[in-house]
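K.L.:
Residues per chain are reported as follows:
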Amino acid sequence: MQKFLLQGLLRRALTEQAPIPNPASLAELGYTLGRTARQKLGRSLSIREVDAGSCNGCELEIHALNNAYYDLERFGLRFVASPRHADVLLVTGPVTKNMREALERTYAATPDPKWVIAVGDCAFDGGVYCESYACVGAVAKVVPVDLHIRGCPPDPTTLLKGLIAFVETMS
Amino acid sequence: MNFASKQKPAQPSPPTCLPWPREIVDRAGWLAFAESLAKGERELLSLWGESSNVHMAVLEEREPRLRIITLDCPKGSFPSVGRLHPPALRLERAIRDLYGLRAENAPDERPWLDHGRWGVRHPCNDPEKIDSASDSYAFLPAEGEPLHQIPVGPVHAGIIEPGHFRFSANGETVVRLEERFGFVHKGVDQLMAGASIERAARLAARVSGDSTVAYSLAFSQAIEAAFDVNVPPRATYLRALMAELERLANHFGDIGAICNDAAFALMHAQCSIVRERILREAANCFGHRLMMDRIAPGGVVVDLAQEKVTALFTLIEWIELMTPRLIALFGDTTSLQDRTVGTGVVSEALAKQYACGGYIGRASGRTFDARKAMGYAPYPQLTFEIGAATGGDVDARVWVRFDEIRASLRIVRQILDEAPEGPIIAAWALPEDWTREGAALVEGFRGDIFVWLRIRADGVVQRCHLRDPSWFQWPLLEAAIKDNIVADFPLCNKSFNCSYSGHDL
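These protein sequences, in sequence, are chains A and B.
First residue of the first sequence? That's 17 in the working numbering, and the numbers climb one at a time after it.
First residue of the second sequence? That's 56 in the working numbering, and the numbers climb one at a time after it.
If you are wondering where the hints come from, they were derived from the structure by calculation, not from laboratory data.
Keep in mind the model is a prediction, meaning the values are calculated, not measured.
There's no promise every hint is true.
As the list claims (entries may be wrong) - If you only want the chain A side, here are some residues facing chain B, beta carbon under 8 angstroms, derived:
#1 L61
#2 E65
#3 N72
#4 G73
#5 A80
#6 A84
#7 F95
#8 T112
#9 A150
#10 G153
Built from N, CA and C at the ideal position, the CB exists for glycine as well.
Input sequences plus hints: build the corresponding full structure.
P.N.:
Rendered as structure tokens:
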């Protein structure tokens with residue numbers, strides 16, 4: 017264990033420079049963030065991830081945001097275990113009918129002010145599952161969405177760009 | 056003019072399933088199979104329904120030979136297999152939910168995937184419209200004065216998939232865990248029916264995102280079996296390369312996550328770095344971090360350029376350097392061993408009864424591996440040893456994963472050294488003659504994935520059944536957690552890491 021710890025002290029961090037936020041995301045966000053919220057929350061946001069029927073691909077890439085290369089927490093963004101602690105819901109999947117109520121309740125349990133970011137092509141319009149009897153489709157059909165991050169799944173850099181755009185618009 | 060001579064050759068009836076023929080049995084034959092499963096003479100691979108018949112795939116005990124049998128059930132019911140052989144229970148409940156076919160005298164008649172919210176009953180077979188409402192669900196009882204219940208999910212604390220766990224606990228000790236799933240049911244069976252092969256392939260690749268390569272491989276192999284397509288040798292090597300990279304990435308990710316659930320974040324951080332580097336190299340070589348949609352019926356869609364081979368060698372060398380260090384970090388940290396040793400034990404008897412695949416089965420003495428047992432190309436040409444242990448606890452499952460990492464590294468090296476040159480995809484066209492059936496059994500990182508499909512003469516998928524290994528692993532988690540403390544559940548659950556999406560489909 018000492019070796020790993022020593023290495024951690026002596027070597028440079030693996031964390032990479034932050035990507036430049038996506039102009040499209042910035043445009044989408046321009047109107048959604050209120051001034052009061054900015055003052056209240058500053059740049060620090062707590063995120064609750066909700067899988068509303070994804071294939072798990074989006075979750076894997078969201079997970080990667082926590083690794084040493086992307087180190088999401090340096091931007092003041094962190095994942096929390098409960099919607100009660102969250103400012104932002106990160107929702108994936110084509111919202112299965114069996115998950116719809118759970119998503120609605122999670123949204124209701126999140127204190128105001130709150131935002132929803134829909135991650136992945138399924139969350140955008142249902143993706144490959146859009147015609148299914150078992151899916152509602154776009155996340156926006158169930159809860160109001162402030163930002164879409166597209167991709168199947170979006171890679172961590174794309175996710176980071178979207179999230180940084182989100183924080184920058186706030187501050 | 057002789058009209059008859061212009062007709063197509065007659066459709067074989069029933070359509071021949073390749074490479075394993077499908078046999079039609081009567082009720083007695085069906086029951087004989089169920090009894091042999093109960094006696095342990097055969098292992099259940101899958102059970103699935105259609106409009107008016109049910110199919111069963113089994114593995115013969117003596118020789119690893121797969122058999123598929125079919126029972127017609129014109130009256131909408133069939134003799135329950137689950138009554139004799141519990142591993143079939145959830146599959147039978149799913150058949151009833153989706154196809155409306157009832158297992159006679161089944162000991163558990165509660166719905167499984169259907170939560171009463173689809174607006175239809177048995178959506179895949181003669182759907183019946185209903186008013187959507189939440190169906191109440193009777194959890195199995197656990198009685199006794201000191202017991203209390205802890206409901207968990209479907210929305211969990213971590214960044215994971217949704218499912219519900221109902222614990223009955225006596226103080227800290229779990230007396231009973233009951234799982235309830237179906238939250239991520241996306242209706243894949245019905246979306247598959249009527250889809251083109253291209254669309255079906257995209258759906259198959261999205262059954263379980265962490266196993267996208269394995270699912271694409273299984274789907275493609277079933278199509279290739281049905282249409283007798285010969286995959287070029289280079290393509291088989293590239294497929295195996297992707298499959299092993301996927302296996303490596305998942306094992307590293309999971310080992311780190313298991314240790315993280317025992318509050319050992321250092322291991323998690325180190326393993327995440329390895330996983331990230333594998334995914335980056337996958338993106339560099341194949342254009343997608345998870346290698347989604349890179350395998351297609353007939354071969355692969357991306358070739359591996361020569362300079363990428365060098366990059367992969369560099370990656371593999373680095374992982375080979377890191378692996379012993381990570382093994383030492385895991386093995387030498389006694390506070391970690393304190394959490395993993397003796398936690399969440401799965402007995403060998405249960406692993407065999409459930410024909411439990413992957414590292415869960417292998418950690419409990421069931422050494423089945425489809426790469427060896429089915430011997431699909433290129434694995435018979437490659438030298439590797441599959442991991443094995445008998446402890447059956449969280450610790451054993453981690454060690455088996457380390458074994459698999461070593462095996463995969465060895466395989467990747469051989470592929471990079473030995474992959475032949477040549478075309479990467481076979482030119483094949485739909486013969487448009489008659490309905491065809493194919494099946495495949497492929498080793499994903501989690502265990503064996505079974506696919507059976509039927510394609511109509513016009514190239515449209517009539518039915519495609521995809522069975523995730525989790526079907527036979529989830530029930531064992533209920534057994535493994537019994538008598539453990541509630542706080543060890545995340546650790547046990549992560550050491551299993553079953554798929555929700557692959558199971559709920």
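K.L.:
All hints are to be evaluated individually against the structure, with a verdict given for each.
P.N.:
Here is what the structure says about each hint:
1. L61: 16 angstroms, violated
2. E65: Because about 5 angstroms separates E65/A from the closest Cβ in chain B, which is inside the 8 angstroms limit, the hint holds.
3. N72: Holds - the Cβ of N72/A comes within 8 angstroms of chain B, reaching about 4 angstroms at its closest.
4. G73: The hint holds - G73/A has a Cβ within 8 angstroms of chain B, the shortest such distance being about 3 angstroms.
5. A80: Status holds, d = 6 angstroms.
6. A84: 5 angstroms, holds
7. F95: 6 angstroms, holds
8. T112: Because about 6 angstroms separates T112/A from the closest Cβ in chain B, which is inside the 8 angstroms limit, the hint holds.
9. A150: 4 angstroms, holds
10. G153: 11 angstroms, violated
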